[in-house]
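S.K.: Each chain, letter by letter, is given below.
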Amino acid sequence: MSTTAELLKGAAELFPDEVVTSAHVRHLDLPSGAGRFALITLDNGLDHTKPTTFGPASLANLNAAIDQVEKEAAAGEIVGVGVTGKPFIFAVGADLKGVELLKKHEHALAIGKGGHEVFKRLAGLAVPTFAYYNGAAMGGGVEVGLHCSYRTVSKAIPAFSLPEVFLGLVPGWGGCTLLPNLIGAEKAVSVIIENSLNQNKQLKGRQVFDLGIADALFEGADFLEQSLIWTANVLKGDIEVERPVIDRGEAWDQAVAKGRFIADGKVHGAAPAAYRALDIIAAAKNGDLQQGYDAEDQALADLIMGGELRAGIYAFNLVQKRGKRPAGAPDKSLARPVTKVGVVGAGLMASQLALLFLRRLEVPVVLTDIDQERVDKGVGYVHSEIDKLLGKGRIGQDKANRLKALVTGVLDKAEGFSDADFVIEAVFEEIGVKQQVFAEVEAVAPAHAILATNTSSLSVTEMASKLKNPERVVGFHFFNPVAILPLLEIVRGEQTDDASLATAFAVAKKLKKTAVLVKDAPAFVVNRILTRFMGEIQNVIDEGTPVEVAEKAVEPLGLPMSPLVLLELVGPAIGLHVSETLNRAFPNRFKVSPNLAAVVKAGKRGFYVYDSGKPELDPEVAALLRQGDVVLTEEQVRARVLDAVAQEIGLMLDEGVVAEAQDIDLCLITGAGWPFHLGGITPYLDREGVSERVNGKRFLAPGVASVPA
Amino acid sequence: MPRTVRDVVFVDGVRTPFGKAGPKGIYHETRADDLVVKAIRELLRRNPGLDPKKIDEVAVAATTQIGDQGLTLGRTAGILAGLPTSVPGYSIDRMCAGALTAVTTTAGSIAFGAYDAVIAGGVEHMGRHPMGEGVDPNPRFVSEKLVDESALFMGMTAENLHDRYPQITKLRADEYAVRSQEKAAKAYADGKIQQDLVPISVRRTNPDAGETGWGLVTADEPMRPGTTLENLAGLKTPFRVHGRVTAGNAAGLNDGATASIIASEDFARENGLPVRMRLVSYAFAGVEPEVMGYGPIPATEKALAKAGLGIGDIGLFEINEAFAVQVLAFLDHYGIADDDERVNQYGGAIAFGHPLASSGVRLMTQLARQFEEQPNVRYGLTTMCVGFGMGATVVWENPHFEGDK
Numbered sequence: 001m002s003t004t005a006e007l008l009k010g011a012a013e014l015f016p017d018e019v020v021t022s023a024h025v026r027h028l029d030l031p032s033g034a035g036r037f038a039l040i041t042l043d044n045g046l047d048h049t050k051p052t053t054f055g056p057a058s059l060a061n062l063n064a065a066i067d068q069v070e071k072e073a074a075a076g077e078i079v080g081v082g083v084t085g086k087p088f089i090f091a092v093g094a095d096l097k098g099v100e101l102l103k104k105h106e107h108a109l110a111i112g113k114g115g116h117e118v119f120k121r122l123a124g125l126a127v128p129t130f131a132y133y134n135g136a137a138m139g140g141g142v143e144v145g146l147h148c149s150y151r152t153v154s155k156a157i158p159a160f161s162l163p164e165v166f167l168g169l170v171p172g173w174g175g176c177t178l179l180p181n182l183i184g185a186e187k188a189v190s191v192i193i194e195n196s197l198n199q200n201k202q203l204k205g206r207q208v209f210d211l212g213i214a215d216a217l218f219e220g221a222d223f224l225e226q227s228l229i230w231t232a233n234v235l236k237g238d239i240e241v242e243r244p245v246i247d248r249g250e251a252w253d254q255a256v257a258k259g260r261f262i263a264d265g266k267v268h269g270a271a272p273a274a275y276r277a278l279d280i281i282a283a284a285k286n287g288d289l290q291q292g293y294d295a296e297d298q299a300l301a302d303l304i305m306g307g308e309l310r311a312g313i314y315a316f317n318l319v320q321k322r323g324k325r326p327a328g329a330p331d332k333s334l335a336r337p338v339t340k341v342g343v344v345g346a347g348l349m350a351s352q353l354a355l356l357f358l359r360r361l362e363v364p365v366v367l368t369d370i371d372q373e374r375v376d377k378g379v380g381y382v383h384s385e386i387d388k389l390l391g392k393g394r395i396g397q398d399k400a401n402r403l404k405a406l407v408t409g410v411l412d413k414a415e416g417f418s419d420a421d422f423v424i425e426a427v428f429e430e431i432g433v434k435q436q437v438f439a440e441v442e443a444v445a446p447a448h449a450i451l452a453t454n455t456s457s458l459s460v461t462e463m464a465s466k467l468k469n470p471e472r473v474v475g476f477h478f479f480n481p482v483a484i485l486p487l488l489e490i491v492r493g494e495q496t497d498d499a500s501l502a503t504a505f506a507v508a509k510k511l512k513k514t515a516v517l518v519k520d521a522p523a524f525v526v527n528r529i530l531t532r533f534m535g536e537i538q539n540v541i542d543e544g545t546p547v548e549v550a551e552k553a554v555e556p557l558g559l560p561m562s563p564l565v566l567l568e569l570v571g572p573a574i575g576l577h578v579s580e581t582l583n584r585a586f587p588n589r590f591k592v593s594p595n596l597a598a599v600v601k602a603g604k605r606g607f608y609v610y611d612s613g614k615p616e617l618d619p620e621v622a623a624l625l626r627q628g629d630v631v632l633t634e635e636q637v638r639a640r641v642l643d644a645v646a647q648e649i650g651l652m653l654d655e656g657v658v659a660e661a662q663d664i665d666l667c668l669i670t671g672a673g674w675p676f677h678l679g680g681i682t683p684y685l686d687r688e689g690v691s692e693r694v695n696g697k698r699f700l701a702p703g704v705a706s707v708p709a
Numbered sequence: 001m002p003r004t005v006r007d008v009v010f011v012d013g014v015r016t017p018f019g020k021a022g023p024k025g026i027y028h029e030t031r032a033d034d035l036v037v038k039a040i041r042e043l044l045r046r047n048p049g050l051d052p053k054k055i056d057e058v059a060v061a062a063t064t065q066i067g068d069q070g071l072t073l074g075r076t077a078g079i080l081a082g083l084p085t086s087v088p089g090y091s092i093d094r095m096c097a098g099a100l101t102a103v104t105t106t107a108g109s110i111a112f113g114a115y116d117a118v119i120a121g122g123v124e125h126m127g128r129h130p131m132g133e134g135v136d137p138n139p140r141f142v143s144e145k146l147v148d149e150s151a152l153f154m155g156m157t158a159e160n161l162h163d164r165y166p167q168i169t170k171l172r173a174d175e176y177a178v179r180s181q182e183k184a185a186k187a188y189a190d191g192k193i194q195q196d197l198v199p200i201s202v203r204r205t206n207p208d209a210g211e212t213g214w215g216l217v218t219a220d221e222p223m224r225p226g227t228t229l230e231n232l233a234g235l236k237t238p239f240r241v242h243g244r245v246t247a248g249n250a251a252g253l254n255d256g257a258t259a260s261i262i263a264s265e266d267f268a269r270e271n272g273l274p275v276r277m278r279l280v281s282y283a284f285a286g287v288e289p290e291v292m293g294y295g296p297i298p299a300t301e302k303a304l305a306k307a308g309l310g311i312g313d314i315g316l317f318e319i320n321e322a323f324a325v326q327v328l329a330f331l332d333h334y335g336i337a338d339d340d341e342r343v344n345q346y347g348g349a350i351a352f353g354h355p356l357a358s359s360g361v362r363l364m365t366q367l368a369r370q371f372e373e374q375p376n377v378r379y380g381l382t383t384m385c386v387g388f389g390m391g392a393t394v395v396w397e398n399p400h401f402e403g404d405k
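As you go down the protein sequences, you meet chains W and E in turn.
The opening position of the first sequence corresponds to residue 1 in full-length UniProt numbering, with each subsequent residue numbered one higher.
The opening position of the second sequence corresponds to residue 1 in full-length UniProt numbering, with each subsequent residue numbered one higher.
Hints in this document: simulated from the structure, not taken from any laboratory.
Incorrect hints may appear among the rest.
[To be verified] Okay, the calculated beta carbon distance ranges per label pair:
{"no.": "1", "chain 1": "W", "residue 1": "Arg36", "chain 2": "E", "residue 2": "Tyr90", "range": "38 to 44 Å"}
{"no.": "2", "chain 1": "E", "residue 1": "Arg342", "chain 2": "W", "residue 2": "Arg36", "range": "54 to 60 Å"}
{"no.": "3", "chain 1": "W", "residue 1": "Glu77", "chain 2": "E", "residue 2": "Ile79", "range": "39 to 45 Å"}
{"no.": "4", "chain 1": "E", "residue 1": "Gly22", "chain 2": "W", "residue 2": "Arg402", "range": "45 to 51 Å"}
{"no.": "5", "chain 1": "W", "residue 1": "Lys201", "chain 2": "E", "residue 2": "Glu270", "range": "45 to 51 Å"}
{"no.": "6", "chain 1": "W", "residue 1": "Arg402", "chain 2": "E", "residue 2": "Ala305", "range": "57 to 63 Å"}
{"no.": "7", "chain 1": "W", "residue 1": "Gly212", "chain 2": "E", "residue 2": "Asp339", "range": "57 to 63 Å"}
[As the list claims (entries may be wrong)] Among chain W residues calculated to face chain E with C-beta under 7 Å, some are:
{"no.": "8", "residue": "Leu28"}
{"no.": "9", "residue": "Glu225"}
{"no.": "10", "residue": "Leu228"}
Keep in mind that this is a model prediction, so the values were computed, not measured.
We treat Cβ as the ideally placed atom computed from N, Cα and C, and that holds for glycine.
Let's have the full structure, built from the sequences with the hints guiding it.
M.R.: Rendered as C-alpha cells:
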C-alpha cells in the first residue's frame, strides 16, 4: 500500500461515520474519433439534497480510481481523464463532521496532506485531465478541478465557491496556491477572501467562466455532452485553450494588500483564517506549487486545532440546522392558517413589517393608524418599495400588481381586522398604549386571530393580561433592518397557548426568519446581552477610562462594529430606553449612564463625528462627559466586559430565557451579526476561560464548539 | 382568400443513438424527454440559420404518452430545450409511425400556410414504457371479433403475415436480417450514420449493467455486426411454437429519439437552410390488424397514386424493418429482389433498433443522406407498418437530382 493510502486509512479510522463518496471510473469513446477516455464520477450514492463530500475514505476511493487511470494512461490505453459529479452536484468539499472529530495536530496535518497527495496526482498523469463542474462545487470540490489541466463549467451551476475562510479554514487542498496561479492574485483574493467574508457569496457558472477559472462554459441541458465534445476537440488540437498571462509583479502584492484591508474591515485581525490564506497567496507569487501545498497543510492543521474554526463550524451548524428547526417550538401541525394580516400603526417600522409580510406571505395586509395621512404614508411607503423591487428586476410587473393590490390602509380597525388571522402592532413602546391597542383589536378581530407585538422591551404577559383571550398574544421581536437581519425572537407569554405559538413559528418560517423561542423576560435575548455589554463599556467610561481605550479593548473580538458605533446605529435614545427598562428589572447589574442620558438630552445622534473620514470623538460630546478617575487598561476593560457578558448569559440560562446556550449564540449571530469565529459568544467565553472564571463552569461541553478533549 | 400550396422540404434530421430497452440498456437511467430535448438542441446547433423564434411548432410523437413521455411532450420538450416560450408544441401518436406523422401533419400545415418552419420528431423509451403499458383495450374487440387477439401482439401479426405469404420462409427472413446487419456495419464503417447522431451522456448506478458513473453514448447499442445465418437459425420463436419470427429477424425493444426541421421551401432558402428532400406526397392506409405488416403496401399504392408516380420511379427505399417478413412482403408485392441495392442501403431497424414513435425520422434522415450521395436518383420513399393494422408512406424528391446520368 502506498503511503497516501496508509495515511488515508489511518484518517478513516478516526471517522467511522463518514458518508463515503465513490469515484466511479467509466470508459467512453470520445466523439470525432478522439480516442478512449476515462471519466471519473464523484457520487455519494444519495440524491442531490445530500451533496457529495470528501472524507478520508472518499479520498481513498478517488486515490484508487486514479491508480487505475494512471496505469491506463501510462499504457496508452486512454487519451485523457475527466472528473464530474452526480446530477446537480459536483462536490462540496471536505466533510466538516470529520474535521470536528480531530483531536491531534498530526491528524489534522494528515487531512491536508491526504487531500494534496490524491488531488495532485491528477496533474501528474501521462494524459491531460479535465474537470467538468456540472453542479454545485465548493471548497475541496472546486480544488479537485483546479488540479486538472482543463475545466468546463455549466451555466446552470447555482453555487461555486471557496468558502473555507468563511468557516475559519483556508482553501488548503491546493486552492490558495493554484487559484492565483491560474487567474491571478487579484481575482483569487476576490474569490477566496472577499466572497467568503461577504456572507459566503457564491459564484454562478457564467462568473466562473468570466473569472477564467473554467476554460469553457456550456448550458445545463447538455453540459456533459458538450464538455466531452469540447474535450475531443482540445485533444485533437482543433481547439487551443488560451489563458491570459498572470501579472506576477506589483499587482500581486497589491491584491494581497487589498485582501488584508478587506479582512481587517471584516474581522479586525480577530480571526486568523483570512490572514493565513493571504500569506499563502502572497507566497504563491513565485509559482512554487509544492511550497504552497506545504504551507496549506500547516495552515489547515493549525486552524483545525484552533478554537476559531471549531466555533465557526458550530456557528455554521447553528444557522443551518438549529435555525431551521427551532428548539422548543410546538408541533407545527397545531399552526392555524394565516390568510390575512393586520398591522397596527403605519410608521416606518410598521410599514417595513407590512412589506415583509406582504412579500413573504402574499396575503392581504391591512395597515391602520390614527389619521388618514399616516395611513396613506404607510401604504405609499410599501408601494414605493414594491416599485423599487420592480425597477431592480427582482419582481415582475404581474407580481408588483399583485402585491400592491394586497396592501391597503384603513382608519377603522373593525373594517380592517374583522377577518384577519394575524395582527401585529408596532406602536409606541408604552405598556398602557399597547394594552389599549390590543383591547381595541380584540374587540373587532376574530377570536382565533394571533395578536403579535413587536415590542423590544415590554412584558408580553403584561400586555396580554387585560384581554379576554390572552392565550393568543405572542411576542414577535424583529431586528433592524427588518429586511436584512434574519433573527426573530418569538416570545411566549405566560398564557400563550401552543396553537398560537405554533402559528407564530409557522409565520416566521414563511417570513424566512431564524426564529428562536424566548421566555417573556426583560429585553429578551439580544438586547439584554448587548445592553449589558454596552453598559459595561459605558460604566468604565463613566468611571474614568478614556473612550478610545474602552473602544479598543473589545477590538480583539472582531465584532462587526465598535460598541459606540453600534450605539449610534441603534440610536442613543433607544439604547438609553432599553437600559432604563433593564435597570428597573435588574438594578444591580444594569445602570443608567448619566453620560449617555446627557448625550441623549443634548440631542446628539452619536458619540462620533466623521469629518476626517474616520470616527473621532465629537468635541461637543467630549464636553458633556463627566468621568471619574479610575483609568483601566484595555485588558482590564476587556475582562470586565466579558465577565459581565458571561455573568448575564449564565443568569439568563438559569432563568430559562432560552433552552440552551446554543440559542443565545444563534440570536447573537443572526440578530447582532456577531461573528462565526466567536461562535456567537459562548464558545469564545469558554475558550478564553471567562465562563469558568465567572460562573465556575463552561457553557458548552468540550468538543461542542472546541477541539474535543 | 386565395391560397397557394407551398412546397415543403426536409431541412435536417438527427437522432440519438438507439439503445436496448431494459435494466442493462444504456438509457435505463436516462429520461425519455431528455433524449428528445438533446436531439432538438443538436438540430438548432447544426442550423444556426434557423432563428428559434421563427419555429412555429414542435410536434413530438410518443406511443405511450405518460410519465416522461406525457405532459404534452412537444411543449415541455421545447421549453426544456431552451426554445423561446412563444414557440408552441404538441404531442402526436400513431404508434410506430408517430414521428412520420409528426412530419406529415406539420408538413400539411406548412403547405396550407399555417407554419413556416417546425420541429418534428419522436421518442420512445421502451425500457421505461414497455409496449402495452397502461393499455385498456375495449372488450368488444374480442367479444365481437372485431380483431383477432393476435392483433395486439406485433410479433404474432408478423407470424400471421408469414402464414399469408408461405413463400416468405424463415430462411429468407434470416438472410434478409443478416444483410441488414452487414449493411449497417458497413454504413458505420463508412461514417454515414455517425454524422447524424447526437452524443448522449448517460448515468449508470447499477454495477450489474457495467461500469458505473457517467458515460457517453455515441453509437447504436443494438447492432450485431458479424451476425451469421447460423447464429440466427437457433434462435427461439417466442410468438409461436415452431414459428418464424425471432429476435434476430425483427427489430428489438429500444430506446431513442429523433428530431427534424421541416419548412416551406421558400423559408428554407430565405434563411439559408439546407434543402435535403422535397415532399412529394404522403398517405396512410388501414389493413386487417392481424396482418399489420401488410400496411406499407396499400399506403405506398395511395401515396404513389397521389404523386402520379409508379413504383419504377422510386430510386431509393427506406423501409422500417419492424420485421423482416413485413419488408419481404412489400418487396414481393412490387417484384423487387430481397437484396435490391435500392432498398435500405444503410441497413435498417433490425440492426439499429426501432424505438417505436421515433423511427420515422430516422428513415428520412438516412434517405436524405442517400439523396446527397446519389444525384442520379429523383424519387425515394420512406414507409413503415403501424400497429393495429396500418401503413404509412411518404414520397420524397431529391433536390440534388441532376437527371439520369
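S.K.: Next, verify each hint and record whether it holds.
M.R.: Checked hints:
no., hint, in the structure
1, Arg36(W) / Tyr90(E): 38 to 44 Å, "42 Å, holds"
2, Arg342(E) / Arg36(W): 54 to 60 Å, "38 Å, violated"
3, Glu77(W) / Ile79(E): 39 to 45 Å, "42 Å, holds"
4, Gly22(E) / Arg402(W): 45 to 51 Å, "49 Å, holds"
5, Lys201(W) / Glu270(E): 45 to 51 Å, "48 Å, holds"
6, Arg402(W) / Ala305(E): 57 to 63 Å, "60 Å, holds"
7, Gly212(W) / Asp339(E): 57 to 63 Å, "59 Å, holds"
8, Leu28, "4 Å, holds"
9, Glu225, "5 Å, holds"
10, Leu228, "5 Å, holds"
Violated hints amount to a single one, hint 2; each of the other numbered hints is respected by the structure.
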